[in-house]
Structures are given as structure tokens and as C-alpha cells.
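Just so you know, the protein sequences line up as chains X and R, in that order. One point on numbering: in my numbering, the residue at position 11 of the first sequence is 11, and numbering is uninterrupted. One point on numbering: in my numbering, the residue at position 111 of the second sequence is 222, and numbering is uninterrupted.
Pair ranges (Cβ atoms, derived):
| hint | chain 1 | residue 1 | chain 2 | residue 2 | range |
| --- | --- | --- | --- | --- | --- |
| 1 | X | Pro111 | R | Glu173 | 42 to 50 Å |
| 2 | R | Ser176 | X | Thr83 | 33 to 41 Å |
| 3 | R | Arg120 | X | Lys69 | 35 to 43 Å |
| 4 | R | Glu128 | X | Pro7 | 35 to 43 Å |
| 5 | X | Asp11 | R | Pro150 | 15 to 23 Å |
| 6 | X | Thr29 | R | Asp170 | 18 to 26 Å |
| 7 | X | Tyr51 | R | Asp162 | 22 to 30 Å |
| 8 | X | Asn30 | R | Ser178 | 29 to 37 Å |
| 9 | R | Glu128 | X | Pro76 | 46 to 54 Å |
Chain R is faced by these chain X residues, among others (derived, beta-carbon under 8 Å):
| hint | residue |
| --- | --- |
| 10 | Pro44 |
| 11 | Phe46 |
| 12 | Tyr87 |
| 13 | Gln103 |
| 14 | Gly104 |
Below are the DSBU-like pairs computed for lysine-lysine, each with C-alpha atoms no more than 30 Å apart in a straight line:
| hint | chain 1 | residue 1 | chain 2 | residue 2 |
| --- | --- | --- | --- | --- |
| 15 | R | Lys168 | X | Lys3 |
| 16 | R | Lys166 | X | Lys3 |
| 17 | R | Lys114 | R | Lys129 |
| 18 | R | Lys181 | R | Lys166 |
| 19 | R | Lys168 | X | Lys69 |
Keep in mind that the hints were calculated from the coordinates and are not lab data. Note that the coordinates shown come from a computational prediction; the quantities given were computed from them, not determined experimentally. Ideal placement from N, C-alpha and C gives every residue a C-beta, glycine not left out.
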Amino acid sequence: LAKTTQPISMDSYEGQEVNITCSHNNIATNDYITWYQQFPSQGPRFIIQGYKTKVTNEVASLFIPADRKSSTLSLPRVSLSDTAVYYCLVGGDNQGGKLIFGQGTELSVKP
Amino acid sequence: DVKVTQSSRYLVKRTGEKVFLECVQDMDHENMFWYRQDPGLGLRLIYFSYDVKMKEKGDIPEGYSVSREKKERFSLILESASTNQTSMYLCASSLSDFAYEQYFGPGTRLTVT
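Start from the sequences and build out the full structure, keeping to the hints where you can.
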């Protein structure tokens, strides 16, 4: 299963765009890339998932280059409420979707 | 909305006690998972189950067992609790066709003294 590497922490200001990059050099052909958000004292929450190129939803965008060895989560115009830990996951199959959570990136948004 | 509930938010147990952590999901999901979360280590998968009475070991199964007698309920068992099992325990569930989107419960903070 592919391991992921992402920055431990990032700082930003309200209204800025935040890009968090995740490295996953050993990603397998059938692996998906999934991002989760976790607030203190809560379980993680699914944000976005992709396989290749670009995926966008109402919360974020996910950019995946052709070699799929990395991915970038983009949060447009962050607010204070986006302060959380963001996890990049790679993996999953039709037998339970075994995923590996890395250490996550602690994003701090300042006013 | 999918709801995943866990039996306790906070639990304090003594070393050597048998501990049961219960998780229930209400969306008829096939897959259920148990993770533990520790500072600096992120979430680590303990066990998962893709069907009733089926279970698979995750990355750190030692010292734990699980039970899934009904589709909606997945239990984590610490046969003899130890202080190094003090942690936040998170349960999750997912649909079989969308295994990558997991729905998490609020977590149980277990302290073993």
C-alpha cells in the first residue's frame, strides 16, 4: 500500500487560497486519492476524491498530475473555520477499502 | 445523513480489564473500520470488516480483537487493557462500492490506568 508524505503544518490568512501537496510515490494503478478534514474532538470528514487530472466540488479542488505520484488539495478563499488537520490517503479496493492515513497537515488560518 | 455512533465518548479502565468499544451505523454499510489516533502518528487501522462475521487485520491488530455479529454493529475488544492502549478510538463505515469515502463516528477517548 502506498504511503503518503505531506507537510506537518501550514499557516494561512483568511481569504487566501491554500494548496496542500501530498507525495505518494508508490501509488498503485487501482489506487484512488482521497482527502479528509478533521476538527478537534471529531472524526475525520471526507472532502474529495480523485483518480487523475482534476476534480472539483463545492468545498475544494484536487489536482493530480499524469504520473499520479503526488496530488494537491486546493482550498479557495479559506476562512477561520477551515482550521483543521487535512489527511491525504491513497489506496482502497473492493475488499473494504483498506486505506492508510498519514500524519496529516495541520492548517492554521489566521484573521 | 449517515450516522455512526460510538458507545462512549470517554472511558477510563484499569490495566488488565477487558474493554468493549461499540460502534453502530445506520446506513446499511457493508464495510466497517476501527482506527486509533495518537499524537504525531495520525490514524492507524486496527481491524476492518467487509461483511457480517468477516474481519481483516489492519496495521496494528496486536492486543485487539473484533466482533461483527450484525451488519450495523462492529465491536472492538481489548482482551486485557494496557497503558499503551490509551488512545482515541475511531469507528468508520463505508458502502462497498464507495470504499474510499468513510463516515466516522465521534470517537472514544480511552484512558487505561
